[in-house]
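Engineer: So the sequences go chain by chain: A and B.
The numbering used here numbers the first residue of the first sequence as 1 and each following residue consecutively.
The numbering used here numbers the first residue of the second sequence as 1001 and each following residue consecutively.
Bear in mind the hints are in silico, worked out from the structure with no lab data behind them.
Values in this document were obtained by computation on a predicted structure and should not be read as measured data.
We put the CB at the ideal spot given by N, CA and C, even for glycine.
Be a bit skeptical, because a hint or two may be false.
To be verified - Distance ranges between label pairs, derived from CB positions:
no.: 1; chain 1: B; residue 1: Gly-1041; chain 2: A; residue 2: Ala-74; range: 43 to 51 Å
no.: 2; chain 1: B; residue 1: Ser-1096; chain 2: A; residue 2: Ala-12; range: 44 to 52 Å
no.: 3; chain 1: B; residue 1: Asn-1010; chain 2: A; residue 2: Val-92; range: 47 to 55 Å
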Amino acid sequence: MLYLVFLYAPVAVLPLFSFNDSQYVTFPLLGFTLKWYAQLADSQGLHSALINSLKVGVSVAVLSTVLGIFAAKAVTRYRMRRSGLLIGFIMVPLVIPEIILGISLLMTFSISEVKLSLVTVGIGHLMLCTPFSMLVLISRMEGFDQSYEEASQDLGENAWWTFWRVTFPIILPGVVASLLLTFTISFDEFVLAFFLAGTDSTLPLHIWGQLRFPDKLPSTLALGAIIVVLSTVVIFAAELIRRSGVQVGGKSKV
Amino acid sequence: MSDVIISIKNVVKTFGKVVAVSNANLDVVKGEFFSLLGPSGCGKTTLLRMLAGFELPTEGSIEIDGQDVTLVPPNHRPVNMVFQNYAIFPHLNVASNIAFGMRKSGLSKQELAQRIDQMLELIKLPGYGERGASELSGGQRQRVALARALIKQPKVLLLDEPLGALDKKLREQMQIELRLLQQHVGITFVFVTHDQEEALTLSDRIAVMDQGDIIEVSTPTLLYEQPKSQFVADFIGTMNFFDCTLTDYSDDVASGQCAELGEIRVKGQQPVVQPGETFALAIRPEKFSISFADPASSVNTVEGRMGPSAYLGDRSHFYIHIKGRDNPISVALQNLSGVLDQKYSTDKTVWLSWSDDAAVMIRAEK
């Protein structure tokens, strides 16, 4: 219980002060206002940063989920030799500190003279998100009964149609969960974007920039509050979807 | 032979160093209910999967309806399969499951709906079209899997132990239904099972397999009554074996001398060995009769002592010890009277006898 307070109290401070009618983050609260939220709507920099983040987030979510489907299929279907080792390698980006990853990517890009842009951010995020996507999809596909695909083939469908008529619908909850999860990770990610964004700004970078101006702090709090609420909703939705849907096991209780 | 629908020629399948099927040769006749029977790991499922196209033979060829399909992928073969766990698509309802293979059939929506209704009628699940896959019981899943395969009107229906997951009562009921269904639709069935009783009940012919080899292909009656090898005799039902030597064969009667049984006589069988050579005499438990007085003749009879017995409801099993034999002889008697007979008490001296057409001469193994 205490842990939950510890966990969520700081997060609660954000929306609390975003409604406070004062420039300064101090008690006592002066009054209720929505003007900081109104101010957000007018900010030009915020809009372009938001659109940048959405672009990166959506592309990363789609790409990493597609990669995740391939990897999960390979790992669960063909029971590859040393697949444990392979999974280990795939998961390494999860444990490498982002700052290290950021620096090494930055070096790689500068050596190969790739101009920093949203694309480089996207590549960095892809490295970060794909392992999550694989984890979600592998757990969904574990126990996926190969005989479903064989049955489809047996009934006359080729591999392409088998995927779309059988495999994809069965793993759909995992796919949706993966999309939502990877989008959220990319959308919130700061460190890699900081290194790799060049002149384009993503939303977290924009927020970071705003913190230098004291008068912008309350509207940044408002923005933060919105992001927290939306992220939470998305993550919960992802988890709910992942757990729902048809059971994959196929071991019918007789 | 024009009525051969499946022709398996010299088919070998190896997985790495493991030989799953070694040199299988088999013809299946159009319209018959054919079973592949054997203990688990004998290669029967591998052989079936090669017929379906899920495994490619390492060597040899497979013809279905006169067409070489050895390398044809599963989706282009004129066969359909009922999987061991039925593989009912969990995201589709019963009607969509049955209609799954009909995407390219060219039927209109109405015609297809009609066909689905016919299939539901056939499997005795009318009105179940809208049910979800998870709402079905094991027996119902099995029927839906059958309908899903049969709607494609395959030349051969392959069944991979489809009754294995059902409880005994339901299994027996489904066996009868399956047999009736097969006779009704007239499609060739190739049925894989490890259950010898099931194979005997259902099949027109059975191929008994062991360790990748097809040991014997025959009708249920012949496999049970006149097995050609000790493996088949032992695998199907219970069998008592005795080491014997052939002494004479004349006028359709073979005489022999057995270490444990004394003099024996077998009528109506070609001996498998020459006089002077040894063979295995095989006698089913139910072929014996038990008497409490020494019979007049000493041929086809042996003295023994009652051992333990087991009451099985419709019949009882008795184990009878005879001199010079380690394991007791298994004898089965029908329980004709309603009360358990007290005369078959342990340690009583009895005489076992059997008629001269009850025993089978088999080439001794090893």
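Engineer: Confirm or reject each hint.
Structural biologist: The hints, checked one at a time:
1. For the pair B/Gly-1041 and A/Ala-74, the supplied restraint of 43 to 51 Å is violated, since their beta-carbon distance comes to about 28 Å.
2. With their beta carbons about 48 Å apart, B/Ser-1096 and A/Ala-12 fall inside the hinted range of 44 to 52 Å.
3. In this structure the hint that B/Asn-1010 and A/Val-92 lie 47 to 55 Å apart at CB holds, the actual value being about 50 Å.
Violated hint for the displayed structure: number 1, the only one.
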